[in-house]
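Chains A and B, in that order, are what the protein sequence lines are.
Just so we're aligned, residue 1 is where the first sequence starts under the numbering used here, counting upward by one.
Just so we're aligned, residue 1001 is where the second sequence starts under the numbering used here, counting upward by one.
Mixed in with the good hints there might be a few duds.
As the list claims (entries may be wrong) - With a straight-line cut-off of 30 Å between C-alpha atoms, the simulated DSSO-like cross-links for lysine-lysine are:
| # | chain 1 | residue 1 | chain 2 | residue 2 |
| --- | --- | --- | --- | --- |
| 1 | B | 1344 | B | 1330 |
| 2 | B | 1028 | B | 1080 |
| 3 | A | 39 | A | 51 |
| 4 | A | 23 | B | 1232 |
| 5 | B | 1233 | B | 1113 |
| 6 | B | 1028 | A | 39 |
| 7 | B | 1113 | A | 23 |
| 8 | A | 51 | B | 1233 |
| 9 | B | 1146 | B | 1323 |
| 10 | A | 23 | B | 1233 |
| 11 | B | 1232 | A | 39 |
| 12 | A | 51 | B | 1146 |
| 13 | A | 39 | B | 1233 |
| 14 | B | 1344 | B | 1146 |
| 15 | B | 1318 | B | 1141 |
| 16 | B | 1318 | B | 1344 |
| 17 | B | 1141 | B | 1113 |
| 18 | B | 1233 | A | 46 |
| 19 | B | 1171 | B | 1080 |
To be verified - Over 10 Å on every C-beta distance to chain A, these chain B residues come out as not near it, computed from the model:
| # | residue |
| --- | --- |
| 20 | 1043 |
| 21 | 1053 |
| 22 | 1122 |
| 23 | 1134 |
| 24 | 1146 |
| 25 | 1153 |
| 26 | 1192 |
| 27 | 1271 |
| 28 | 1280 |
| 29 | 1290 |
| 30 | 1313 |
| 31 | 1316 |
Rather than coming from a laboratory, the hints here were simulated on the basis of the structure.
Note that the structure is predicted; figures quoted are calculated from it, not measured.
We put the beta carbon where it would ideally sit given N, CA and C, even for glycine.
So you can see what is in the structure, the chains are spelled out below.
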Amino acid sequence: MAAPISLHLEFGGGAELLFDGVKNHHVTLPSQSEPWNMKQLLLWIKGNLLKERPELFIQGDTVRPGILVLINDADWELMGEMDYRLQHQDNVVFISTLHGG
Amino acid sequence: CSAAGPASTMPVPCSHCQKSSAVLRRPKTGHSLCRPCFFWAFEEEVHQTIASARLFRPGETVGIGASGGKDSTVLAHVLKVLNERHGYGLNLILLSVDEGITGYRDDSLETVKRNQQQYDLPLKIVSYEELYGWTMDAIVKQVGLKNNCTFCGVFRRQALDRGAMMLGVDKICTGHNADDVAETVLMNFLRGDIARLRRCTAITTGSEGAIPRCKPLKYAYEKEIVLYAYFKKLDYFSTECVYSPNAYRGHARAFLKDLESVRPSAIVDVIHSGENLSVKEDVRMPVQGTCARCGYISSQRLCKACVLLEGLNRGLPKLGIGKHHRLHEKLLARQPLTEQEERKLRAEEF
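The whole structure should be built from the sequences, with the hints applied where relevant.
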């Protein structure tokens, strides 16, 4: 049994608009048999935080192309993306690049 | 993907300095870089773009089209850095257009005003209201939400030029990035717009007559621009325009992002294709002339902005939408249109 973990989630670049305009979220993921990874976090976000138009955030089982993900301020492409095993107090940032510049 | 099984928390070393931990994987090259190496690589690549295309000459006054969004904020920051680092000798000015969109442009202009302080650059704001006598809010009230982006796009292009002329600017730089250029190539291809397809990849346009425009970020990926702004903690504004997005561009954009996620080089590949298309000699191209009313470049007797404006002022907003070139002589002579001509040009009933 993995203990519950707390995370700091941040949405920016326009992605916050899908979360009632709230950029910063301190969340606690409940205890479960498997350790939490990014894939499960995305499902949890979809079920618990997303307020509208989930297809603008999640496509298939990953984030929509054009949304950048940083784990502890590093590109998630360097961290194993969906397979990254989340640690207590991790900081996960989602930045949309799909908004006007 | 990691061959070592489930993702480890072991940091990936920077493939350039080998010392610090990498913070991003570059889409263009696949390299993993740490923050300082990324900043340096990003800035120096923009410098390479500027130097190899000889975009500027010492002593020039350069207007940076500043919307408060990520691209123009990064452009202003990087140009300021490079101007000092490489001694370009440029006089940089921020140039903004106020379209008159409440809840959108008024907020983003606040960002530009902060940028002015942060970068210590002069700022000039020109508004649709002062140039045309119409704000976008007023235009939308008359034309509705159907062709409003046409008005805004045509007016913005001229507004930037007119602002630049007021300031005696030699060149205008815009924040168009590699993703934007690739989108435009794709859109022009899909629309069969040969003239624009040929022009849209040029790094500098409009050297004859109009003030030249250039795109120093033409080869910079959006991902890198956003991460540059994020790691540098640059202050930018990111909200969609309240008058709904450009749907056609949105499709091209989503399609390219999907391609990029499978093959990151897709963006530069599309630009490369656009740059290397050659147009058959017997394809007829529109001849660029000047507008008989305002003197702006135009391929018709009247430029698009003048026709759109005339339509607004006559209460016939569809005058500038679609092709009504036959009417230009009448408009120039300030003659009334027939009832039949007018009927087609009125706003639709809502």
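Do the hints match the structure? See the list:
no.	hint	verdict
1	1344/B <-> 1330/B	holds, 16 Å
2	1028/B <-> 1080/B	holds, 24 Å
3	39/A <-> 51/A	holds, 19 Å
4	23/A <-> 1232/B	holds, 19 Å
5	1233/B <-> 1113/B	holds, 17 Å
6	1028/B <-> 39/A	holds, 26 Å
7	1113/B <-> 23/A	holds, 23 Å
8	51/A <-> 1233/B	holds, 27 Å
9	1146/B <-> 1323/B	holds, 17 Å
10	23/A <-> 1233/B	holds, 15 Å
11	1232/B <-> 39/A	holds, 29 Å
12	51/A <-> 1146/B	holds, 28 Å
13	39/A <-> 1233/B	holds, 28 Å
14	1344/B <-> 1146/B	holds, 15 Å
15	1318/B <-> 1141/B	holds, 14 Å
16	1318/B <-> 1344/B	holds, 8 Å
17	1141/B <-> 1113/B	holds, 28 Å
18	1233/B <-> 46/A	holds, 28 Å
19	1171/B <-> 1080/B	holds, 15 Å
20	1043	holds, 18 Å
21	1053	holds, 21 Å
22	1122	holds, 22 Å
23	1134	holds, 21 Å
24	1146	holds, 20 Å
25	1153	holds, 12 Å
26	1192	holds, 26 Å
27	1271	holds, 17 Å
28	1280	holds, 35 Å
29	1290	holds, 31 Å
30	1313	holds, 29 Å
31	1316	holds, 30 Å
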